[in-house]
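S.K.: This is what each chain is made of:
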Amino acid sequence: MIVCVAVVGHQNNPLYIQSFTDADDALKLHHIVHCSLDVVDERVNNPKRSGPTLNETFLGLLYPTENYKVYGYLTNTKVKFILVTTDLDVRDVDVRNFFKRFHAAYADAVSNPFHMPGKKITSRTFAERVSTIVKSFGFSSAG
Amino acid sequence: MIGVGKIKQYANVLDKPLSKGKQEVSLSAFAFLFSELVQYNQTQVDNIAELERRLEDAGYAVGARVLELLCHRDKGNRRETRLLGILSFVHSTVWKVLFGKVADSLEKGTEHEDEYMISEKELLVNKFISIPKDMGTFNCGAFVAGIVRGVLDSAGFPAVVTAHFVPMEGQQRPRTTILIKFAEEVLRREASTYNRIVKR
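Going line by line, the protein sequences match chains B and X. According to the numbering used here, the first sequence holds residues 126 to 268 in order. According to the numbering used here, the second sequence holds residues 200 to 399 in order.
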């Protein structure tokens, strides 16, 4: 069950935050996303010495909290995608697929000439695509 | 011939599926659009420097988006952190996607440490443009310079990029050079990364 997705710009400014459950406090999710940014920065600035993982886009499981897992993904422009989920057994490949489709939707949203880079993403189409991707994530990993 | 072959005949032309289309845009369409862009900006400004700045700003927006798009399409892409890496990325991949071919050459400047040059015999955007004498050194390649600046800036390498004409002997039209001057912090970062690896 994906609880929240977020897009954070390269100056750690939020570009898009969307939560998918009514139960949880939206503020708490914002806080979790904010904390995960620190982990992302730490991973980026102190890369592990092993060569191949130096510049990967998919950051993997950032940190598990009480009942959430947070995954991160970094694009070439230092824009970060954060995924918060309550599933206990998400497969790595599912999360990668999710981020790939999310990246596609993001690239399309940014290509909009009326979109100002650095400002929030206000496109409805992007919101719809994201909710579609989130729904299908639930189904694919339920198997 | 009705019924021959596997092609489905549509009763109405509006029912035909939209084809994926070629990945290319016709040069004349782009040249037309670009000339309109230049003319529109020309009516808005009083001097050449302002016109160049406007073209560059237009290119900057394109560059930022091109980087996002390319990084997404290029599967298994790695984030470029080295100077040479991002320069060769601009020189081959970006040029190939935008203009259909790689740039002619990439050189390191001799006078300053932080200058690099990408040269092209004839910039595609300048193909149908001739600069009137009273405009001096104005170069519509400022648009391409803006694109390069957008790509570099979004990738985390702030730089000042300008376009210049370099006259070549034996050719009628001068060669165009895009001059890239990186910011201080980029060089410092590059120096510290390089030193770290060398010391091991």
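Since the hints were derived computationally from the structure, they do not count as laboratory data. Keep in mind that a hint or two might mislead.
Reference excerpt, derived from the structure (chain X facing chain B, CB under 10 Å, subset only) [claimed, not checked]:
(1) Glu267
(2) Arg278
(3) Leu282
(4) Lys300
Even for Gly, the Cβ is constructed at its ideal location relative to N, Cα and C.
S.K.: Now look at each hint and say whether the structure bears it out.
M.R.: Hint check results:
1. Glu267: Since the shortest Cβ distance to chain B is 5 Å, the answer is holds.
2. Arg278: Holds: closest Cβ of chain B sits about 4 Å from Arg278(X), inside 10 Å.
3. Leu282: violated, 14 Å
4. Lys300: violated, 23 Å
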